[in-house]
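A.B. asks: Below are the chains, spelled out letter by letter.
Protein chains: 2
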Amino acid sequence: MNKKELISQIKKKRSFLCIGLDTDIKKIPAHLLDADDPIFEFNKQIIDATKQYCVAYKPNIAFYESLGVKGWESLQKTLSYIPKDIFTIADAKRGDIGNTSDMYARAFFETMNFDSVTVAPYMGSDSVVPFLQFKDKWAIVLALTSNKGGLDFQTIKDADGQHLFEQVLETSKQWGTAENMMYVVGATRAQQLAEIRVIIPDHFLLVPGVGAQGGNLQDVAKYGMNTDCGLLVNSSRGIIYASNQLNFAEMAANEAMKLQLQMDVLLSENNL
Amino acid sequence: MNKKELISQIKKKRSFLCIGLDTDIKKIPAHLLDADDPIFEFNKQIIDATKQYCVAYKPNIAFYESLGVKGWESLQKTLSYIPKDIFTIADAKRGDIGNTSDMYARAFFETMNFDSVTVAPYMGSDSVVPFLQFKDKWAIVLALTSNKGGLDFQTIKDADGQHLFEQVLETSKQWGTAENMMYVVGATRAQQLAEIRVIIPDHFLLVPGVGAQGGNLQDVAKYGMNTDCGLLVNSSRGIIYASNQLNFAEMAANEAMKLQLQMDVLLSENNL
Numbered sequence: 000m001n002k003k004e005l006i007s008q009i010k011k012k013r014s015f016l017c018i019g020l021d022t023d024i025k026k027i028p029a030h031l032l033d034a035d036d037p038i039f040e041f042n043k044q045i046i047d048a049t050k051q052y053c054v055a056y057k058p059n060i061a062f063y064e065s066l067g068v069k070g071w072e073s074l075q076k077t078l079s080y081i082p083k084d085i086f087t088i089a090d091a092k093r094g095d096i097g098n099t100s101d102m103y104a105r106a107f108f109e110t111m112n113f114d115s116v117t118v119a120p121y122m123g124s125d126s127v128v129p130f131l132q133f134k135d136k137w138a139i140v141l142a143l144t145s146n147k148g149g150l151d152f153q154t155i156k157d158a159d160g161q162h163l164f165e166q167v168l169e170t171s172k173q174w175g176t177a178e179n180m181m182y183v184v185g186a187t188r189a190q191q192l193a194e195i196r197v198i199i200p201d202h203f204l205l206v207p208g209v210g211a212q213g214g215n216l217q218d219v220a221k222y223g224m225n226t227d228c229g230l231l232v233n234s235s236r237g238i239i240y241a242s243n244q245l246n247f248a249e250m251a252a253n254e255a256m257k258l259q260l261q262m263d264v265l266l267s268e269n270n271l
Numbered sequence: 000m001n002k003k004e005l006i007s008q009i010k011k012k013r014s015f016l017c018i019g020l021d022t023d024i025k026k027i028p029a030h031l032l033d034a035d036d037p038i039f040e041f042n043k044q045i046i047d048a049t050k051q052y053c054v055a056y057k058p059n060i061a062f063y064e065s066l067g068v069k070g071w072e073s074l075q076k077t078l079s080y081i082p083k084d085i086f087t088i089a090d091a092k093r094g095d096i097g098n099t100s101d102m103y104a105r106a107f108f109e110t111m112n113f114d115s116v117t118v119a120p121y122m123g124s125d126s127v128v129p130f131l132q133f134k135d136k137w138a139i140v141l142a143l144t145s146n147k148g149g150l151d152f153q154t155i156k157d158a159d160g161q162h163l164f165e166q167v168l169e170t171s172k173q174w175g176t177a178e179n180m181m182y183v184v185g186a187t188r189a190q191q192l193a194e195i196r197v198i199i200p201d202h203f204l205l206v207p208g209v210g211a212q213g214g215n216l217q218d219v220a221k222y223g224m225n226t227d228c229g230l231l232v233n234s235s236r237g238i239i240y241a242s243n244q245l246n247f248a249e250m251a252a253n254e255a256m257k258l259q260l261q262m263d264v265l266l267s268e269n270n271l
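Listed in order, the protein sequences are those of chains A and B.
Be aware that the first sequence starts at 0, since it is given in numbering that gives the first Met the number 0, and climbs by one per residue.
Be aware that the second sequence starts at 0, since it is given in numbering that gives the first Met the number 0, and climbs by one per residue.
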């Protein structure tokens with residue numbers, strides 16, 4: 000999916016919601032465990048119930064990988080089931096030397112057919128650039144993450160007072176364009192979105208951490224929204240595990256709708 | 000495998016060689032392509048031919064992942080085929096927020112049965128610590144990598160003149176011990192091994208980049224070896240793609256043996 004199509008979906012659905020499919024066999028409703036493929040069955044019902052409220056789905060690859068071959072089958076089926084007008088993110092945090100990153104890019108863009116992959120920047124240019132060689136596909140580079148450990152290295156200052164995450168933004172934005180790169184910026188660091196927007200005014204930001212991790216949607220929009228919206232705000236556990244009863248999908252839809260309604264207001268306030 | 004057992008294998012085999020199984024369907028000998036599982040067949044013959052010369056195998060996970068479900072099956076079979084007295088490394092460069100890193104740890108340590116996983120440090124403590132919770136299993140954290148992009152961020156200096164990779168070493172060594180953590184340090188940066196040994200005298204180092212990437216084994220031993228050896232030196236392409244003819248396994252064994260003979264000398268010179 001290209002940038003224009005993504006923006007068009009956001010305007011049409013009045014939403015910039017991304018739903019994280021962190022599907023854990025230990026957390027899904029008990030009545031699904033008898034299904035042939037409980038993970039896929041859960042995702043299918045979540046997708047059916049929530050697809051009108053979101054513009055992106057983000058399977059967290061670790062949750063599938065931990066189940067081995069069977070997990071990868073569930074992931075493939077889930078990806079095929081997601082409607083084609085919804086943006087897909089393989090939340091995989093990959094990144095390795097050039098020829099190896101190229102293999103990861105093929106894994107997610109060709110063997111599977113994801114629109115985007117999250118990528119870790121520690122190994123530098125040749126670990127990210129291979130993800131930028133595919134038409135209408137995206138690398139989503141980690142900049143400032145919402146977890147506690149995000150402060151261990153990302154906010155180290157160099158001799159000029161620039162944080163590591165700012166250097167990651169400054170340097171990596173030269174490897175691609177706002178048409179094939181996005182950045183991960185945690186919602187728990189919303190104020191820093193303003194500084195980040197000075198460096199990358201045009202790029203889309205993938206913002207995890209609204210809900211379970213404590214971030215605030217209004218702050219994210221205030222500091223991070225640009226004239227294209229420029230935001231995909233993710234919620235995972237707050238939506239998909241809203242209930243573990245028979246009505247789990249309905250409850251998930253409810254939570255997704257609540258966020259979509261807030262997003263509609265925020266889009267309108269920004270003339271979008 | 001614990002540290003004592005690894006050191007004992009190094010002394011017994013007179014080798015600290017790790018062989019990288021970067022098995023690419025496009026590079027393996029044509030006569031293998033008719034096999035049921037050409038990737039596994041290639042690995043099996045490489046393992047049979049080289050196991051006496053090495054103490055570790057390192058499948059590069061991207062190469063398997065790029066083949067989807069079938070690739071994961073080849074990986075599982077390969078792992079099961081590796082003799083139990085050889086250390087296994089999932090070269091996966093994983094790392095995510097705590098609950099997700101925990102899933103990756105389970106994927107590689109429980110669903111599969113690797114001894115170790117390579118881990119990217121950008122997301123900090125909670126992205127690494129979940130890999131340290133398994134008995135006799137290891138996290139191998141990226142410090143200073145051998146690729147061109149390794150210089151983009153890893154060598155940035157802070158206000159005190161300390162490089163990022165040094166801060167990664169200083170900070171992360173407090174999360175575990177030399178019994179459950181190793182570090183990746185590229186062979187093309189051999190002189191820096193001396194500085195690194197000041198910070199982490201006791202940890203094992205996984206050193207890629209000897210051979211195809213231009214690093215020098217003698218320099219690595221000179222600057223990086225400690226009283227336990229403390230080194231696993233990896234070669235991938237230089238060994239497994241020594242030939243693409245019928246005798247590929249024999250030629251691979253030849254290359255592995257050459258390195259092992261050099262390692263024997265280096266171990267003796269260091270009274271090991």
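Honestly, the hints are just simulated from the structure, not real lab data.
Errors might be hidden in some of the hints.
Identical chains share a label here; the pair holds if one copy fits it or two copies do between them.
Claimed, not checked - Under the rule of at most 30 Å between Cα atoms (straight-line distance), these lysine-lysine pairs were calculated in the BS3-like manner:
#1 K2 x K69
#2 K83 x K156
#3 K26 x K221
#4 K156 x K11
#5 K257 x K172
#6 K76 x K25
#7 K43 x K69
#8 K147 x K172
#9 K83 x K147
#10 K11 x K147
#11 K69 x K156
#12 K25 x K156
#13 K25 x K172
#14 K26 x K69
#15 K134 x K26
#16 K69 x K3
#17 K172 x K69
#18 K83 x K2
#19 K25 x K69
#20 K156 x K172
#21 K172 x K134
#22 K25 x K134
#23 K136 x K69
#24 K69 x K83
#25 K76 x K147
#26 K3 x K50
#27 K257 x K221
#28 K25 x K136
#29 K156 x K76
Computed from a predicted model, the values in this text were never measured in an experiment.
A.B. asks: Hints first: check each against the structure and report whether it holds.
C.D. replies: Each hint, compared with the structure:
In this assembly of identical chains, the alpha carbons of K2 and K69 never lie at most 30 Å apart, being 33 Å within a copy and 33 Å across copies at closest. Neither within a single protomer nor between protomers do K83 and K156 lie at most 30 Å apart by alpha-carbon distance, with minima of 42 Å and 45 Å respectively. Neither within a single protomer nor between protomers do K26 and K221 lie at most 30 Å apart by alpha-carbon distance, with minima of 34 Å and 52 Å respectively. For a Cα distance limit of 30 Å, the shortest separation of K156 from K11 qualifies neither inside one copy, at 41 Å, nor across copies, at 46 Å.
In this assembly of identical chains, K257 and K172 lie within 30 Å of each other by CA distance neither inside one copy nor across copies; the values are 34 Å within and 44 Å between. For a Cα distance limit of 30 Å, the shortest separation of K76 from K25 qualifies both inside one copy, at 20 Å, and across copies, at 27 Å. In this homomeric assembly, K43 and K69 come within 30 Å of each other (Cα to Cα) both inside a single copy, at 16 Å, and across copies, at 24 Å. Proximity of K147 and K172 under a CA criterion of 30 Å is satisfied in both settings, with 25 Å inside one chain copy and 17 Å between copies.
In this assembly of identical chains, the alpha carbons of K83 and K147 never lie at most 30 Å apart, being 35 Å within a copy and 37 Å across copies at closest. Taking identical chains as interchangeable, the C-alpha atoms of K11 and K147 are never at most 30 Å apart, the minima being 36 Å within one chain and 43 Å between chains. When the C-alpha separation of K69 and K156 is checked against a cutoff of 30 Å, the pair qualifies neither within a copy, at 44 Å, nor between copies, at 45 Å. In this assembly of identical chains, K25 and K156 lie within 30 Å of each other by CA distance neither inside one copy nor across copies; the values are 41 Å within and 44 Å between.
Taking the shortest alpha-carbon separations for K25 and K172, neither the intra-copy value of 39 Å nor the inter-copy value of 32 Å comes in at or below 30 Å. For the homomeric pair K26 and K69, the shortest alpha-carbon distances inside one copy (17 Å) and between copies (28 Å) are both at most 30 Å. Taking the closest pair of Cα atoms, K134 and K26 come within 30 Å of each other only across two copies (26 Å); inside a single copy the shortest separation is 37 Å, beyond that limit. In the homo-oligomer, the alpha carbons of K69 and K3 never lie at most 30 Å apart, since the shortest distance is 35 Å inside one protomer and 35 Å across protomers.
With identical chains, the CA atoms of K172 and K69 are never at most 30 Å apart, being 37 Å at best within one copy and 35 Å at best between copies. In this homomeric assembly, K83 and K2 come within 30 Å of each other (Cα to Cα) only inside a single copy, at 15 Å, whereas the closest approach across copies is 50 Å. Taking identical chains as interchangeable, the C-alpha atoms of K25 and K69 lie at most 30 Å apart whether they share a chain (15 Å) or sit on different chains (26 Å). Proximity of K156 and K172 under a CA criterion of 30 Å is satisfied in both settings, with 19 Å inside one chain copy and 21 Å between copies.
In this homomeric assembly, K172 and K134 come within 30 Å of each other (Cα to Cα) only inside a single copy, at 18 Å, whereas the closest approach across copies is 41 Å. In the homo-oligomer, the alpha carbons of K25 and K134 lie at most 30 Å apart only across protomers (23 Å), although the nearest pairing inside one protomer, at 37 Å, exceeds that limit. In this assembly of identical chains, K136 and K69 lie within 30 Å of each other by CA distance both inside one copy and across copies; the values are 26 Å within and 24 Å between. Taking CA atoms no more than 30 Å apart as the test, K69 paired with K83 passes in both settings, with 24 Å inside one copy and 25 Å between copies.
Proximity of K76 to K147 under the C-alpha cut-off of 30 Å is found in neither arrangement, the shortest distances being 33 Å within a copy and 37 Å between copies. For a Cα distance limit of 30 Å, the shortest separation of K3 from K50 inside one copy, 20 Å, qualifies, whereas the shortest one across copies, 53 Å, does not. In this assembly of identical chains, the alpha carbons of K257 and K221 lie at most 30 Å apart only when taken from the same copy (18 Å versus 62 Å across copies). Taking identical chains as interchangeable, the C-alpha atoms of K25 and K136 lie at most 30 Å apart only when they sit on different chains, with a minimum of 24 Å there against 32 Å within one chain.
Taking the shortest alpha-carbon separations for K156 and K76, neither the intra-copy value of 44 Å nor the inter-copy value of 46 Å comes in at or below 30 Å.
Of the hints listed earlier, those the structure fails to meet are numbers 1, 2, 3, 4, 5, 9, 10, 11, 12, 13, 16, 17, 25 and 29, in rising order.
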